[in-house]
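Student: Start from chain X and add chain U with the ligands according to the hints.
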Amino acid sequence: MNTRSYDIVIIGSGAGGGAVAQELSSLCREAGLRIAVLEKGPKLRDEEFTGGELEMSRAIYEDGGGFLTADGAMTLAFGSAYGGSTVVYTGTSLLPPPRVIEHWNVPGLAHEEITRRAQKFIQQNNVHLLEEPLINDNNRLFVEGCRKLGWRAEQFPVNVKGCRGSSLCNLGCPNQAKQGTNRVQLPRAEQNGVEVVTRCEVLRIAGKSVVARVTEKSADGKGEPSSWPSGDHRINAKAIVLSAGAIHSPALLLRSGFERALPRLGHGFTSHPAFILVAEHPRPITNFVGHPKSFYLDQFAASDRFILETCMYFPFVTAKSLAGFGPEHSSFLRAFPRLQMILVLACDHIDEHNRVTIDSAGRPVVHYRCTPQVAQSLVSGAVASAKIFFAAGASRVHLPVAPSPTLTAADAARLDALAADCRFVPGKTAVSAAHLQGGCGMGRSPQDSVTDSRGRVHGHPGLFVADASLFPNSVEINPYLTIMALADRVAETIREEWQALQ
Amino acid sequence: MAAPLTSLEPVFPVLRAFVSTIVPEATILDEERWVELRRLIDLALRDRPASLRRRVRLALHFIQWLPLLRYARPFTALDPARRARFLSFLENSPLQTVRSGFFGLRTLALLGYYGQPQAAAEIGYAATARGWDALR
Ligand SMILES: Cc1cc2nc3c(=O)[nH]c(=O)nc-3n(C[C@H](O)[C@H](O)[C@H](O)COP(=O)(O)OP(=O)(O)OC[C@H]3O[C@@H](n4cnc5c(N)ncnc54)[C@H](O)[C@@H]3O)c2cc1C
Ligand code: SF4
Chain X
4 MNTRSYDIVI
14 IGSGAGGGAV
24 AQELSSLCRE
34 AGLRIAVLEK
44 GPKLRDEEFT
54 GGELEMSRAI
64 YEDGGGFLTA
74 DGAMTLAFGS
84 AYGGSTVVYT
94 GTSLLPPPRV
104 IEHWNVPGLA
114 HEEITRRAQK
124 FIQQNNVHLL
134 EEPLINDNNR
144 LFVEGCRKLG
154 WRAEQFPVNV
164 KGCRGSSLCN
174 LGCPNQAKQG
184 TNRVQLPRAE
194 QNGVEVVTRC
204 EVLRIAGKSV
214 VARVTEKSAD
224 GKGEPSSWPS
234 GDHRINAKAI
244 VLSAGAIHSP
254 ALLLRSGFER
264 ALPRLGHGFT
274 SHPAFILVAE
284 HPRPITNFVG
294 HPKSFYLDQF
304 AASDRFILET
314 CMYFPFVTAK
324 SLAGFGPEHS
334 SFLRAFPRLQ
344 MILVLACDHI
354 DEHNRVTIDS
364 AGRPVVHYRC
374 TPQVAQSLVS
384 GAVASAKIFF
394 AAGASRVHLP
404 VAPSPTLTAA
414 DAARLDALAA
424 DCRFVPGKTA
434 VSAAHLQGGC
444 GMGRSPQDSV
454 TDSRGRVHGH
464 PGLFVADASL
474 FPNSVEINPY
484 LTIMALADRV
494 AETIREEWQA
504 LQ
Chain U
7 MAAPLTSLEP
17 VFPVLRAFVS
27 TIVPEATILD
37 EERWVELRRL
47 IDLALRDRPA
57 SLRRRVRLAL
67 HFIQWLPLLR
77 YARPFTALDP
87 ARRARFLSFL
97 ENSPLQTVRS
107 GFFGLRTLAL
117 LGYYGQPQAA
127 AEIGYAATAR
137 GWDALR
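Top line first, the protein sequences correspond to chains X and U.
Just so you know, this note's numbering puts the end of the first sequence at 505, numbered straight through with nothing missing.
Just so you know, this note's numbering puts the end of the second sequence at 142, numbered straight through with nothing missing.
Certain hints may be false.
These stretches of chain X come out as covered by chain U in the derived footprint (C-beta under 8 Å, 3 or more residues) [what the hints assert, rightly or not]:
{"id": "1", "segment": "64-72"}
{"id": "2", "segment": "163-169"}
{"id": "3", "segment": "311-322"}
{"id": "4", "segment": "327-333"}
{"id": "5", "segment": "428-434"}
For the record, the hints were derived by calculation from the structure and aren't laboratory data.
Don't be surprised by glycine CBs; every beta carbon is placed ideally from N, CA and C.
The shape of chain U in the complex, shown without the other chains:
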């Protein structure tokens, strides 16, 4: 398996906590699957403008530190229920920029998780080129 790229390296602990809140099953992924998850997210960002990668990093910093105001703890130090409540607050923000930012990060998390063939298999998705023949 290819080594992870590095654009999200500094914010990886926040990303990990974020992904695990979006997809609770991610908490039981082994290290190899986390490496793959990061690789997929990095690949998705690789060919996009550098400004987008900067925005993603910035959004993750925002997620890490904003809970200080409400819970006196950073995101990674919150329990799962509080993490979910905080993300729900972003998802339902009256500001479209905040909602869209959250939606973008949520998309990356889902891409990293469900974009893995193993995850697809785990949820019972098994499309193949053989189509109907695979059922016979």
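Isolated chain X, as found in the complex:
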């Protein structure tokens, strides 16, 4: 086994890891520190972002985008690449509502601080509202439908620079327009002297070192080879920052034997379970041209615990999201140029059943069950979406929770009555999630949490967490800016405590 020594090792290069790497990188220049980011995914060259659905999913998503919960009922989407899930995110950039941070009740963590810290990333990532001519019909129809119903759709600030409207954000932007950590924070960190090692999976943490395995690029795979030779490496470090995301951070600590000292490890997992809904319009609309996600509706978040967002997916994901099979299913797919899409996100809360564990091989297993409340939120959100679709002029709506999913305009008037017959059936109704949170939650002590409010793992000086796993409960909105703000806070703590950590 090769042995290497660094001052700081960061595990994972997504929203959390990328932010920490950038914030600590000046220490390389100022104090000569050696910092490495170990990332298990590959780094793709610009020309390798082709927009091909399966080809890109295989290259930059964990399990090709098909990671399943233990019961097989929900698909969890998360990236595995230089830049983590920010390579595949849509770049909508929101801050959490104050009520959420109050409810988190983490000592010393105020909403104001998250807002302040996020400002830096809002600027770096060029977050702004898209200009009106760049909004496509799929988004306009959502706004129009909401307006006719008396609901107020809000425009998403997005983090793009030179967006050409290819609608391929979730397959990695082929135009380098979306500002993920792969475009902004990691290159800056590298310029300052941070080493980013890709195809390097950390297997376990052992005291002040980690054991990692570097794998070779497969013959048919995308991306650059790793800068380290393939094989196992032991890396010693004075500080270790865990930013492997809400599934892998708890899993890594679990397989490193931290469970006994940290009984809350893996608990508190939430994910904003989601439905992808489609409706057909009588005429073709611009849908797979234009930025896919420009508007949302959150006025039901506090009362009915769902959020609606515009979205546009690719043929296979769309096909998978529709209920049923056969000619009726096909007929919606065959109407692709006329399809409008809405994403329903349920604002789930922590539930004792829902958590990350590991199997006998140390691989993560996610136990997730939609509580009756989440099921109700999804159903209510789906019915609200159907109203928007019809109000926007759709001729047919696919409502996967309805007893028979295809609704025609004649059904529009009786949606409220129909709602009583709508059911979310686990294992039948397609549900997926991309906002994975919790598992190493912040709190006061090992009895209620894994880290303190500054990401220090309880009882393990020099070990930090800086990613979505820190969330003590669901953030109820698109999470990346909150993750970066928290990572910024963790980085600041490491800088302040550096002398003591040595």
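Tutor: Chain U with the ligands in isolation, oriented as in the chain X frame:
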């Protein structure tokens, strides 16, 4: 076009009948497209645990032989309407394990069919990196 991999070779006739019930348009695919469909499914399964590949094969055997109890024929020998009725029965099973198993297989079928660029083009999906410029 790359040769198909082999993990589903023994159950391919069942897979073919299954895919054709999920996506009726698959019945008119030429052999080259079927080869590609199998290749995509095999690729999707390649990097997953061996236990998953075993479960997929097992589920296809289950689909092939369970109809014997009800129709006295295996799945591949049923007419399209009966195949659809049988799959609908699995989709709506009171047992979540059965529903999830069916959902998993349905996902593979849809991946093999709609994951092909030709299928995407046939349904009118034409996103490209050029975005708005492609319309001008
Ligand atoms: C399709 C999609 C769309 C999204 N859209 C939005 C959006 O519009 N707005 C928004 O706010 N959020 C969005 N999100 C969510 C957002 O991207 C994530 O919440 C965020 O990136 C999570 O940050 P993270 O640092 O916790 O983990 P990640 O960004 O997932 O990064 C974790 C990294 O750690 C690596 N890793 C894991 N284990 C190991 C190991 N053992 N060794 C080495 N490396 C390891 C992984 O490969 C990965 O690269 C989206 C997510 C997805 C999947
Ligand atoms: S819509 Fe814009 S940001 Fe998204 S992939 Fe296309 S060019 Fe990139």
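Student: None of the hints should be skipped; say for each whether it holds.
Tutor: Consistency of the hints with the structure:
Given a C-beta distance limit of less than 8 Å, the hint that chain U covers the segment 64-72 of chain X holds, as 4 residues qualify and 3 suffice. Counting residues of the segment 163-169 of chain X whose CB falls under 8 Å from any CB of chain U gives 4; the rule of at least 3 is met. Counting residues of the segment 311-322 of chain X whose beta carbon lies closer than 8 Å to any beta carbon of chain U gives 5, which reaches the threshold of three, so the coverage claim holds. Taking a C-beta to C-beta cut-off of 8 Å, the segment 327-333 of chain X contributes 6 residues in contact with chain U, enough for the three needed, and the coverage statement holds.
A count of 5 residues in the segment 428-434 of chain X with a Cβ less than 8 Å from any Cβ of chain U is obtained; the coverage claim is therefore met, three being the minimum.
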